[in-house]
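Chemist: Keeping the supplied structure of chain A fixed, place chain B upon it in accordance with the hints.
Respectively, the protein sequence lines represent chains A and B.
Quick note on numbering: this note's numbering labels position 198 of the first sequence as 198, and the sequence is numbered without any gaps.
Quick note on numbering: this note's numbering labels position 87 of the second sequence as 1087, and the sequence is numbered without any gaps.
Simulated from the structure, these hints should not be mistaken for laboratory data.
Possibly wrong hints are sitting among the right ones.
[Claimed, not checked] With a straight-line cut-off of 20 Å between C-alpha atoms, the simulated EDC-like cross-links for lysine to aspartate or glutamate are:
hint, chain 1, residue 1, chain 2, residue 2
1, B, LYS1225, B, GLU1215
2, B, LYS1009, A, ASP148
3, B, LYS1214, A, GLU303
4, B, LYS1214, B, ASP1229
5, B, LYS1281, B, ASP1088
6, B, LYS1281, A, ASP253
7, B, LYS1121, B, ASP1229
8, B, LYS1072, B, ASP1088
On a predicted model such as this, the values are computed, not experimentally measured, just so you know.
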Amino acid sequence: MATHVPLGDSPEDVSSLSPRQLAWRRRSDSFGRTWSVFRSNRQAMTGLTILVFFGLLALFSPLLVSVDAVDPSMASGPPNSPPIAGYPLGTDGFGRSVLSLLVVGSRVSLIVGLTATLGAVLIGATVGLVSGFYGGTRIDRVLSTLTDWFLVIPWLVLAIVLAAILGPTLLNVILVIAVTSWAMTARIVRAQTLSVRTLPYVERARALGAGDASIIVRHVLPNVFPVIFAQAVLTVAVAILSETTLAILGLGDPTSISWGIIIEEAFNAGAMANGYWWWMIPPGLCIIAVTLAFTMCGYALEEIFNPRLRRRG
Amino acid sequence: MRLRYIARKCGWALLTLLFVLTANFFLFRIMPGDPIGLLARSTRLSPEALQAQIHLFGLDQPLPAQYVTYLKQTLSGNLGVSIISGTDVSEMLGSRLWPTVLLVGLGTLIAAVIGVFAGIKGGWTRGSGFDRGSLYSSLLLYATPEGWLGMLLLIVFAGTLGWFPAGGYASNSGSGAASFGDVARHLFLPVLTLALGYVGSFVIVMRSSMIDVKEEDYISTARAKGLNDATIRRHHAVPNAFLPSFTLIVLSVGFILGGAIVVETVFSWPGLGLLTYQAIKDQDYPVLQAVFLISSGAVIVANLIADIAYGYLDPRVEEV
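This is chain A alone, in the form it adopts within the complex (with noise of 0.2 Å):
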């Protein structure tokens, strides 16, 4: 499978490759490393296997499923019905498929997870990168006085009342999640990052006169950023669930078809009282596949990345 030597026993002259090239080349090295310990791990494969299968359904939906199908007045099934022939997973209350109703939500649900996850990323990484590398001055006191804030308050609590003010539209919730699920990422930012800027090269940056700003984002992100992409992936999983939590209180949005919202549906439709498994079931066991395929691949990331912090193994 290598293409290459990996940089460090490799007998080859490097000497003629730029500093960009010879970055790029151990940034594709240590990427090789990550995936060959990756790709050992069952539990990791196993959620990335899940995670391709949702992925490509998501990407694909719109040939599956035609826009039609899933509109209400379009509908051509029998309101209700557990599986028959033509409906494997039965119909909702409008007489439209389940299955492809789960279908659509593929995409809602995984948009709203990865953008809101991006968002708290970017809200948490700027925080720790900034609040660690001027670790102990006042911005480090005020930026993580305010990262131990949204640690301690209930921020389900705060999602909630926040959306119900902002009101039912997708970007909200997309803007709900991610600016109450930031502060993990910020914490576990900051501490790398207050490890790292004592390193020798970024001292010797430093001397070599580069600003505040170049180093942070050009010697810490680098050497911060596999920490960060393993959060990322477990944050997605929150987001997930946060988003299926919003959607059944109804404050998701009602026009874009997720797999909470499909929850959301049948419960106001007395799915329990009326016993509509088919239609309330399914949606719920796609959340727990995804969630818990995003959650094993994030433990796997971060045993690899990020040692100390060992939550399983």
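Modeler: Relative to chain A, chain B alone:
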């Protein structure tokens, strides 16, 4: 020395409370429409009562003055009135507090006890059949949305099997033992949902801290002394491994409160969560504001107690 530690923690708790109050103040003011306009939407408030509210909270004053008035009123226990019913928000919260305390308290306690014990056993016998089983079920439970889990339990145990009532607090308004049994039957499924929903993360946390402790030098020393496995676990490993988990369990109360909102909604359990759900539907902002305030307050107090207890349990803390 210990006094200084406690004083510092109290100071931090007060500062956090101020942050929550400030956040709450601005939350109420970033939404579309001004507070006066929102109050005026209420059909239950007489013009006189409306004027009284505006005057009480200084809503016709500039923002800094409003902020000071808000702090004063909130700290003296005045949380305003519901936009929908016109009743005092503190009164509404008071009548809903007990069911939530019962639900969240029992759920957290059960999840913490099971989680800690399973985590100890799993981490100590890492890789064993028990450990694999408890780890995989913990991951599975962690990934399960608790609202959905509640619906599933309702379909199975209340619908198909008919063992438990489908929701609510009590079926009859009796008293004594019969009423106790009645409430307990209604309480069973929501508590089970909450406990199942959170036991997973407790197992994972406790297990990993056992694994860390197991590699410490003092464990090897204890083994070298010839102590048996159970003694080492009970007297050397568990006390040290429990401390970090203790803090994380207390920190997760905030998360559980959020989960309780969904669980109460699914089971029509008449606590703060169901009140929140109704307030979301009615856009009753004063109630939502109060719910955030009271749950933050609960978490801050829980955290303070944990910090102080930690100071007593772990003498090393004072040096930090």
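Chemist: Taking the hints in turn, state whether each one holds.
Modeler: Hint check results:
1. B:LYS1225 with B:GLU1215: Holds, at roughly 16 Å.
2. B:LYS1009 with A:ASP148: Distance of about 13 Å is within 20 Å: holds.
3. B:LYS1214 with A:GLU303: With Cα atoms ~18 Å apart, LYS1214 of chain B and GLU303 of chain A stay inside 20 Å; holds.
4. B:LYS1214 with B:ASP1229: It holds: about 11 Å lies between the C-alpha atoms, which stays within 20 Å.
5. B:LYS1281 with B:ASP1088: The given pair, whose Cα atoms are some 19 Å apart, holds under the 20 Å limit.
6. B:LYS1281 with A:ASP253: Distance of about 14 Å is within 20 Å: holds.
7. B:LYS1121 with B:ASP1229: 12 Å, holds
8. B:LYS1072 with B:ASP1088: The hint holds at about 17 Å.
Violation of the numbered hints given earlier is absent; every hint is satisfied by the structure.
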